[in-house]
Every structure is written in C-alpha cells, then in structure tokens.
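There are 2 protein chains.
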Amino acid sequence: MFRNFKMVSKVVYGRGCTAQLGDILNEQRRSSKSVMIFLVDDVFKAGTIDNRLPVHTDDLIVWVNVDDEPKTSYVDQLTTQVKKHMVDKQDHHPSGVIGIGGGSTMDLAKAVSLMLTNAGSSADYQGWDLIKKPAVYHAAVPTLSGTGAEVSRTTVLTGPQKKLGINSDHTVFDQIVLDPEMIANAPNPQRFYTGMDCYIHCVESLEGTYLNNFSQAYGEKAMDLCREVFLTDTEDADDKLMMASYCGGMSIAYSQVGICHALSYGLSFVLGLHHGIGNCVAFDYLEDYYPAGVREFRLMMERQGIDLPRKLTASVTDAQMKTMVDVALVLEPLWENALGKDWKTLMTREKIQQLYLNM
Amino acid sequence: MFRNFKMVSKVVYGRGCTAQLGDILNEQRRSSKSVMIFLVDDVFKAGTIDNRLPVHTDDLIVWVNVDDEPKTSYVDQLTTQVKKHMVDKQDHHPSGVIGIGGGSTMDLAKAVSLMLTNAGSSADYQGWDLIKKPAVYHAAVPTLSGTGAEVSRTTVLTGPQKKLGINSDHTVFDQIVLDPEMIANAPNPQRFYTGMDCYIHCVESLEGTYLNNFSQAYGEKAMDLCREVFLTDTEDADDKLMMASYCGGMSIAYSQVGICHALSYGLSFVLGLHHGIGNCVAFDYLEDYYPAGVREFRLMMERQGIDLPRKLTASVTDAQMKTMVDVALVLEPLWENALGKDWKTLMTREKIQQLYLNM
Chain A
38 MFRNFKMVSK VVYGRGCTAQ LGDILNEQRR SSKSVMIFLV DDVFKAGTID
88 NRLPVHTDDL IVWVNVDDEP KTSYVDQLTT QVKKHMVDKQ DHHPSGVIGI
138 GGGSTMDLAK AVSLMLTNAG SSADYQGWDL IKKPAVYHAA VPTLSGTGAE
188 VSRTTVLTGP QKKLGINSDH TVFDQIVLDP EMIANAPNPQ RFYTGMDCYI
238 HCVESLEGTY LNNFSQAYGE KAMDLCREVF LTDTEDADDK LMMASYCGGM
288 SIAYSQVGIC HALSYGLSFV LGLHHGIGNC VAFDYLEDYY PAGVREFRLM
338 MERQGIDLPR KLTASVTDAQ MKTMVDVALV LEPLWENALG KDWKTLMTRE
388 KIQQLYLNM
Chain B
38 MFRNFKMVSK VVYGRGCTAQ LGDILNEQRR SSKSVMIFLV DDVFKAGTID
88 NRLPVHTDDL IVWVNVDDEP KTSYVDQLTT QVKKHMVDKQ DHHPSGVIGI
138 GGGSTMDLAK AVSLMLTNAG SSADYQGWDL IKKPAVYHAA VPTLSGTGAE
188 VSRTTVLTGP QKKLGINSDH TVFDQIVLDP EMIANAPNPQ RFYTGMDCYI
238 HCVESLEGTY LNNFSQAYGE KAMDLCREVF LTDTEDADDK LMMASYCGGM
288 SIAYSQVGIC HALSYGLSFV LGLHHGIGNC VAFDYLEDYY PAGVREFRLM
338 MERQGIDLPR KLTASVTDAQ MKTMVDVALV LEPLWENALG KDWKTLMTRE
388 KIQQLYLNM
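Residue numbers (this note's numbering), protein chains in the order written: chain A, 38 to 396; chain B, 38 to 396.
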C-alpha cells in the first residue's frame, strides 16, 4: 500500500506575490460580511506587516507567540478566541484562517482551522487520521523556510502527554503563498537552523530504508538547493531556500526522517528547544550514522558563522533524561527507517542516553 | 501577477499502486449504483488490462482510439456516448471519469469530464478559463510518460479552426495514479518520443525568458532524470521517467515552451504528426537556438537507437505550408519566451518556412 498523498490545492510562487493575497482571499469570502482570521507571528508586531495584509472590517488579526513550540492548550485557547470573535457575526465559521510566520505559526493556523470544525481539544486528535470533519479554508504565507510545514499533512503539537502531530489530509493547506521576499529578513541563526531542518531531513530520508523514487527526486532537489544556498554565493538564496523547503516537504510523502529527528523531539519535549535548533544540536553528534551529511553540515555551519549551543544536557535530572529517551524511542518508524527492521538490537536506551549526554 | 497554480488533489506513486485504484474510486462512488467511466487506450484491447480495472456492473469501459491526436469532434462524440450510458442510471452524472493511457487518452478523460457538466461543444472552450462549471471527478493512470498531461491544467485538442487546449483549473485531475509498472511495456520509439517531450520542454523552459525558481527547480530535476533514463544504464528507468514527466509538467507552472513546440504544433495540425515525434523532428533542426540541448538530444537518440523520419514536408502544398507557418506563429507566448519581447524582428515567416522545409 502506497500513501495516496494529498497535495496543497493551490500554490502561488514569486517575488512580491503576497500582494495577491487580497484577491486570493476574496475568492473565498462568502459575502461582504465574511470574516478572515490572520494568525501572525508576534515578532512582526513592531513592524508594519499588518498594513500589508488585506484585512477587512470584521476580520481578526491575532498576534501569536511562538517562543515556545505550539502546545495543544494554546491551540485550544486560540480556537476559543476565534469562536468568540464569530459570536456576533453573520457566519458561524470564518471564511478562512491564514498563518503568516514560520513552521510554528503555520502549524497553529492548520490546527485552529481544524479545531473550528472538530469538537473537543486538539490533544484529542494528536495521531493519525483522527480528524473527521474538513477544516475551515486555511492558507499560509511562510516567513521562514525549511520546515516544509507549508506542504505537510501534519501540525506538530506538544500535548499534555506527547509531542505528536495531527496527521490528516484535512490538515493540508488549501493555499500557500510562497514569496521569497517574505523570508529575506529572517535573522540568523534562526534562518540557518530552519534551513537545516530541510537539509537534515533530506539526509535522513535519502539514506533511509523507506525511500521511493518520488521522494528521492524531491529530496535530491531539496538537498542540491540547500547546498547552493548555504555553500555558495548564489544571488537567489531566498528564492532557492523557499523551493528547498517546498521540495523537502514534498519528499516526505514516501520517506521518513531518522535518528536526528527522533533525538530532536526529546530535546524539544524536555528542554523546550525549538525543532530547528534541536535538529542541529543532535545532528552534530551523529557522524557515526550520517558521516557525509554531518561533514557537509559542519561546512555549512562554518561558512554561515554558526556557533551551536553546547552542554545543553549537563544539568538535566535522571527523570528528565529518562523522559527524553522515552520520547525519542516512541518514534519507532524513524528508528526503523534509519536502522532497518532490526533497529532494536542496534539502538539501546544506553546508546541514546550517551548521545544525549554529549549534547 | 503570478499564476495561482492549481495542483492535482491527490497523487499515489509506487510500483503496483494501480491495484489501489478500486479503493480510491470507491471513496468517490456515491452509492452502490454509481457509475465510473473508464477511457482506455485501445492498444490495450487485445490484452488483459480490463481484468485489472475495478469495474462494477454499471460502469462503462470505452476503448478510445488515439491514432490521431484528440479532436474536439471526438470529445463530443465520447461525451454523448457517456450521456447515453447514464440515461437509465440513478445518477445524472457518472461519479468519475478515469483515463488510462498516454497523454492523448489523459486529455480525452479531462475533456469528457469537463463536457459532462459544461454545455455545448468542446470547441467552444478551447482557450483560457472559458470553463464555468467544475468537471466530474477525473483521474488518470498514465501508461506513457513524458507529456506531463498528468499534472497540467490543459487538454490539448484539435478543433475545426485550431489546435489549442482547454486551459482551466477545472481541467486538472483530482487524482493521479503513478505506477512505474504501467509504463514498463511502452514500445520504442513511442517511449522515446514521449520522453523527449519532457526533455525538450525542459530545454525550452530553462533557456526561456519566463522562468522563475519554482519552475527552474522542477525543470532541472526533470532534465537530470531524463539524462539518467536515456544516457545511463540506470535500473530504475521506468520509475525515473515517470518522475521526470511529473516534474516536467509541474515546471510549466511558471515557464513556457519555445520554438520547438511552436513548430511541432504546425506539424501536428497539417501532417497529423503526434506531438512527441513532432517535437523530435523539429528539435533536430534547432541547433542554432538550443545548441547544447540539441547535441545532448542527438546523443540520446544514438544511445536509444532512434532513427527520425525525414523529408516529411517534401510534398506539402504551398497552402499547407502557409497553414503550418500560421499555426506556429499564432503561439506568440512561445516565441516571446524563446526570443524575448522583440521576437518578431528575429523570426520571420521565411525563417519558419525554411525550418519546416528542412524537416
């Protein structure tokens, strides 16, 4: 059985194409009284981004905070806020939810659009294909590239018990607006860490056991583009990084990430480390498993002037270490993709703990 | 303004995935009495392909003949045949139209699915965005790779006055089933000519003036895959050719073909030459415009043992030649993409006629 991969319905790509967002959303507005909800990363609050958004009178801009990675409790809170906003409006649901930001903001937009039509808490839907009803129309304008969240069928959330996505065809965006100008001002090292999410996930999928030619084609292209962006003086770095992220996300259709992502999930859950930086921290210690990839990654770090944080696990308690190992180990498909069916004989709790202790 | 590109809704890719077609279509069947229409290239009539199709009692298999490229009159005739089949059925429309074949068969499936819901003749809709109503659900199982018809928003038809596609977001397939095993038995030189449709269109779009990074990423990958397929002894030739076609088709989002496709349209219209072979015949005389591409194309021909037909235009009348030049010249965006805004000063009727006379 091969996955029947749900694709984003519409994509517009080009420098300055964010200016088309108004026309695109107008096609979705059911009436002059319809409401759009803009979830915007609050790092933009100080700027003038809201002047560039096609906001109508009854629309709502919600400045979302993603200092922490998205939690199910935050999704539920945002959903309640949107529902309150709709109370005195003509329509029951908004005509659309638009996420403007990086992977975390896009994931929040996906999750809120799902929770507006599906009852209960978002924590109830962490898993695979638990969503029953189509989401409200949802769109994304990425301002950071690398996570692939713009094309994925998941929204990664930290719940009370686990860090796990809401994986569903209904999660996939109806529209993505890929405007390289929107990522031009992303600050380093955040830009680098997010870009490395793409690079590392290509290393893991291309060297994994789950791959087929669809994912290989996308993964190879994403990797080539990452090399151009982070190892050369290409003029089109933003344009290429945006395409690398898109291709990396598409490559996940028939592939799986590996050891680095498994370890990074543990770092995020216990230390609150963001996914991108968590990947970088873990990958630097995985030379035994991905020798060529780790060597090239270090070249990229050097060229981009990145200093990784160190000794992050120096003060974790035994209980925290146990949790970190538990969180990593629960991701069985990742380990199997990396090490094959017999991965349990190759990767012990002790080895994982030792890897974490290095970090 | 950048095109807001409509993507195929769902794609399944993998060796043997045609076996999943039954489950995929069952999700679309509205009831036990719903009807699926299978348009199947009649080259398969002698074989056992119909035993492998998930045909229910009230479904209809139509063996379509694509010895000639699809005509609007043929689309209208097929649409009438489907409507007659539906007369005594519970539903007004079939639940789906599935094209099983190469680019021509896929184009017929697209066109019939559109004409079941849009009144009049398919000739009325040749052009851009003339279709008003969504098509019946339509899916494709390609048995030849290279045209990119599986992902394009057009269905190329020869009408009473012109060869021109029905270009519309509604034309795009709802589902494509990409099974490399289905193209394994495609005969040479047809396999080669169809593959070269992809290669040549990548040369034309990558060297054109309309390109952006989205289309460049896809075009480069399609070209790399064509090289692996036609210039090396790769084991996965079918798998890669299928991905080359998909990537080539996606690359058309923000690019345009060029001189070769313009000339090929004239050859098709007047001589009835199929699009793939028409491209090859024309491309071989375009060394002045695409020197590196033509050189590599000849290497591929040599390696694949292909002999192009020659002297095709030796016996055309003056009136036919005039028509050929007219058909080529009407495709202004192709010439502009190839030669820039001032293309009319660079490309005269005489030059085009001379190119045709060489063929």
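Some clues are possibly wrong.
As the list makes no split between identical chains, a pair holds if one copy fits it or if it spans any two.
Taking lysine-lysine and the DSS-like style, the derived pairs with C-alpha atoms no more than 30 Å apart in a straight line are [as the list claims (entries may be wrong)]:
id	residue 1	residue 2
1	121	378
2	359	47
3	348	120
4	348	43
5	170	70
6	43	169
7	70	199
8	82	348
9	170	43
10	169	47
11	170	47
12	348	170
13	70	169
These aren't lab readings, by the way, just hints derived from the structure by calculation.
The structure presented is a predicted model; accordingly, all values stated were derived computationally and were not measured.
- Message: Within a copy, between copies, both or neither: which one fits residue 82 and residue 348 at a CA-CA cutoff of 30 Å?
- Response: The answer is neither: 33 Å in one copy and 68 Å across copies each exceed 30 Å.
- Task: Can you give me the call for residue 348 and residue 170, within, between, both or neither, at a CA distance of at most 30 Å?
- Result: For residue 348 and residue 170, the Cα distance exceeds 30 Å both inside one copy (45 Å) and across copies (61 Å).
- Message: Within a copy, between copies, both or neither: which one fits residue 70 and residue 199 at a CA-CA cutoff of 30 Å?
- Response: Neither: 39 Å inside a chain and 45 Å across chains, both beyond 30 Å.
- Task: Up to 30 Å between alpha-carbons, please classify residue 359 paired with residue 47: within, between, both or neither.
- Result: neither (43 Å within a copy, 41 Å between copies)
- Query: Quick one: residue 170 to residue 47, C-alpha cut-off 30 Å, is that within a copy, between copies, both, or neither?
  - Reply: This pair counts as both: shortest intra-copy Cα distance 20 Å, inter-copy 18 Å.
- Task: Go through the copies and call it for residue 348 and residue 120: within, between, both or neither, with a Cα cutoff of 30 Å.
- Result: neither (44 Å within a copy, 71 Å between copies)
- Item | Intra- versus inter-subunit Cα pairing at 30 Å for residue 43 with residue 169 | Both ways: residue 43 and residue 169 sit 16 Å apart in one copy and 25 Å across, limit 30 Å.
- Query: Which holds for residue 121 with residue 378 at a C-alpha limit of 30 Å: within a copy, between copies, both or neither?
  - Reply: Classified as neither; 49 Å inside a copy, 54 Å across copies.
- Item | Copy assignment of residue 170 with residue 70, given that the CA separation must stay at most 30 Å | The answer is both: 24 Å in one copy and 25 Å across copies each meet 30 Å.
- Query: Given identical chains, is residue 70 near residue 169, meaning Cα to Cα at most 30 Å, within a copy, between copies, both, or neither?
  - Reply: For residue 70 and residue 169, both the intra-copy (28 Å) and inter-copy (25 Å) Cα distances are at most 30 Å.
- Message: Within, between, both or neither: how does the pair residue 170, residue 43 come out at a Cα-Cα threshold of 30 Å?
- Response: both (16 Å within a copy, 23 Å between copies)
- Query: At most 30 Å between C-alpha atoms: does residue 348 with residue 43 qualify within a copy, between copies, both, or neither?
  - Reply: neither (41 Å within a copy, 47 Å between copies)
In this structure, the hints that do not hold are numbers 1, 2, 3, 4, 7, 8 and 12, in rising order.
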